[in-house]
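Visitor: These are the residues of each chain, in order.
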Amino acid sequence: MSAELRRARSRQMIIFLLGCGGMVILLGRLYYWQIWQSGPLTLLANSEHTQNQILSAPRGLIYDAQGHLLATNVVRDDVYITPLQFSSDFADNYPAELSTEVHALHQVLPSVSEDQLNQDFGLSLQAVRVAQQVDPGQSQRLRDLHLPDTFLEPQTWRIYPGGDLASQILGYTQGDKGIYGIEAKYNTLLAGKAGSFTAETDLSGNPLTVGASSEQDPVKGTDLTLTVDSFMQYFVQNALQNAIIQLEATSGTVIVLNAHSGAVVAMAGYPTFDPNHYSDFADQKGCVGSEDVYLNPALFCDYEPGSTMKSVTMAAALEQHVITPDTSINDPGYLNFSDGTPTVHNWDDESYGKETMTQVLQHSANVGAATVATWLGPDRFYPYLERFGFGQPTGLFDPEDPGGYRTNTSAGWTKSDLTRQAFGQSITASPLQMARVYQAIANGGAMMQPYILASTNDNGHIVTMKPQMLRRVISADTAKTLTSMLVSTAEYNDISLPNYSLAIKTGTATTQGLSTDQTEASVAGFLPASNPQFVILVKIDRPQKTIYGGTAAGPIWKAIAQQLVLHYSIPADQQVGTQ
Amino acid sequence: MYGLKAQTVASSKVTSKSAKPSLGVLPAQRRRHIRPFFFHIGPVALCIVCVLLISLMAVLYLSQVGQVVTANHQLQNIRNEQAALERQNQDLVDTVAQEQSPAYIVGQVQKMGLEPVDAKNLWVLQVPHLQEIDKSNQSIQP
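These protein sequence lines are chains L and V, in that order. Under our numbering, the first residue of the first sequence is numbered 1, with each subsequent residue one higher. Under our numbering, the first residue of the second sequence is numbered 1, with each subsequent residue one higher.
It should be emphasised that the hints constitute simulated quantities derived from the structure, not laboratory data. No residue lacks a Cβ here, since even glycine has one placed at the ideal position from N, Cα and C. Hints should not be assumed to be uniformly reliable.
Negatives, chain L to chain V, calculated, CB over 12 Å [to be verified]:
no.: 1; residue: Gly-22
no.: 2; residue: Glu-114
no.: 3; residue: Thr-156
no.: 4; residue: Gly-192
no.: 5; residue: Asp-229
no.: 6; residue: Gln-233
no.: 7; residue: Gly-289
no.: 8; residue: Gly-412
no.: 9; residue: Pro-571
Just the calculated beta-carbon pair ranges, DEER-fashion [as the list claims (entries may be wrong)]:
no.: 10; chain 1: L; residue 1: Ser-213; chain 2: V; residue 2: Leu-62; range: 18 to 24 Å
no.: 11; chain 1: L; residue 1: Asp-217; chain 2: V; residue 2: Phe-39; range: 53 to 59 Å
no.: 12; chain 1: L; residue 1: Asn-459; chain 2: V; residue 2: Val-96; range: 30 to 36 Å
no.: 13; chain 1: V; residue 1: His-73; chain 2: L; residue 2: Gly-137; range: 49 to 55 Å
Modelling step: build the complete structure from the supplied sequences, incorporating the hints.
Guide: Shown next as structure tokens:
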């Protein structure tokens, strides 16, 4: 083989190898793009001509007991401009076009200043939101104007037509998530199930629904019906607000329960908030200025219940036959203990002398209650606190503070705890827990589970909640006896409603570390006493004009009772006269 | 124009005259005599018919695509209309709910110069020998 031929072959070989190398590189690149990057590139290509949408499910509605809407949804538009597109579309005559555009937008959206709009158009951004949640009229005017490079983006909003009506029951929503109250507790039910929509699009981006498209309809959220009566809720809220302003109090709570079922008829706190504008209330505090105004004070604002607790002490003693209504003690106005337990004084330091158990309740005598507690002893007293549900959450909705108390098995417990717990100190409870206690007494000793959800409607599938009995805390006889004692207490305290018997107990609780005129005044009871229909608890925090339960909370309790009688046409249970 | 039988006879005659006929001639003759349809049709005519058929199919296809696009457009319009109506309905429901709310009613009543009923002024009348209402009466159940 000649040298020239060998060179030629070598060249051929080099060319062949180069060709092979090129092929390998080409195959490598092919593998990279076609196989390795196949997934992302396919998605990218599909996204150019395929539209994927998540169809949000309409949130379930919330109704009151009469079927009035408490929470609904509306669609409102947000207004966007596209500054970069606008500057490129009108590059030739930008200042004049900008002026026209800004003027037109300002005419429709007077809340957005022309300066602000000019500033927004000057931003180097693809899209800028210039207005949020514009009303339907403004949306229509903007649509009619056909302004260039301005578009409307519809958004669904949660609306509470009653404003602050039952706001601390309902809570509010952020996006699709319920915050506080019913919105939070039943968020999963209310939210529904989002759907999806996939379709090819035309050149303008319009979905071609006739072609290959798939659609999964969203499932609307479950509608909820509450046990709350809007009318009574409104009345209670107004009455509470007026009382707190008039008494120069810090805050307050009112609860109205159905005496037989435990259903919440009204539950109000003050201060309160408007869930349609919840962010405006972020700096406001409820519950004696200690908690966010969004929290429901009936569940979260626990307190020392004071003398309203004496009913529990009496119930425990009556049930265990330790006392009868006529059992009498000598009340010198104080009670000393030989074992070093601090002396107990009556709230007014009054000496009542010989007094029956009924009179102990009438006088709201701490000495009498402490004496009964010492007769009972911890072993017979604490089981009844547990039966009445102290220290246990009611489970109505979160957040809830169940309060608590020391028992003889707790560290640091002393006999002083026992004697003070008998008249509502050294124990904390939420207003709803106290209302539940009086519900049990009103219901013949059967404690019902407080509930606020009456029924659910899951797209036609209706489920009605039934009242649930938690437990029997005292016998029907004991409940009847105690009721008659509470009726006497109401009469003694001059809290009366013509032709109706009332069973109530007042409470004036002080807080350790605060002066004795900084009280939590409360009244708890039910009516009519012979056939209880409703339980009412009123609690006023730190009233300044008058500090006692009977004088601060009593009038509002009576006003609510009168309204209940009128609203529900409750038959009179006493000899009728004229007023 | 020959019938199939005549052509077969003619070809057999040619075969008998020449023992080794040219291989290129026979297939050409056979191709010409292929009858894809039950009637005679020449290649030019066949081509024209094919073009016409394809054109017709294209027209039909385009017509269908046009109808689909129109239907899609109509569907989009209907959907937009449905969304607008749903939105309008939600607004109306909200308006009704607002106007049924106690605060609104109280406001309107006060504008009319009326005052709320004071329960303290309630008169209870006793009707003698009236039977007690059934306790399951729903009117007193919240």
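Visitor: A separate judgement is required for each hint: does it hold in the structure or not?
Guide: Each hint tested on the structure:
1. Gly-22 (chain L), annotated as away from the interface, keeps every beta carbon of chain V farther than 12 Å; the closest lies near 42 Å.
2. Distance check on Glu-114 (chain L): its Cβ is at least 29 Å (rounded) from any Cβ of chain V, clearing the 12 Å threshold; non-interface status holds.
3. Not every C-beta of chain V lies more than 12 Å from that of Thr-156 (chain L), the closest at about 9 Å, which undercuts listing it as non-interface.
4. Distance check on Gly-192 (chain L): its Cβ is at least 15 Å (rounded) from any Cβ of chain V, clearing the 12 Å threshold; non-interface status holds.
5. Distance to chain V contradicts Asp-229 (chain L) as a non-interface residue, since its nearest Cβ pair spans about 5 Å, not more than 12 Å.
6. The non-interface label for Gln-233 (chain L) is inconsistent with chain V: the shortest C-beta to C-beta separation is roughly 8 Å, within 12 Å.
7. The beta carbon of Gly-289 (chain L) is kept farther than 12 Å from every beta carbon of chain V, the shortest such distance being approximately 26 Å.
8. Taking the minimum C-beta to C-beta distance to chain V, about 43 Å, the non-interface status of Gly-412 (chain L) holds against the 12 Å cut.
9. Some Cβ of chain V comes within 12 Å of the Cβ of Pro-571 (chain L); the nearest lies about 6 Å off, and the non-interface call is violated.
10. Between Ser-213 (chain L) and Leu-62 (chain V), the C-beta spacing of about 21 Å keeps the proposed range 18 to 24 Å intact.
11. A C-beta distance of roughly 56 Å is found between Asp-217 (chain L) and Phe-39 (chain V), which places it inside the suggested range of 53 to 59 Å.
12. Between Asn-459 (chain L) and Val-96 (chain V), the C-beta spacing of about 22 Å breaks the proposed range 30 to 36 Å.
13. For the hinted restraint 49 to 55 Å between His-73 (chain V) and Gly-137 (chain L), the CB-CB distance of approximately 29 Å leaves it violated.
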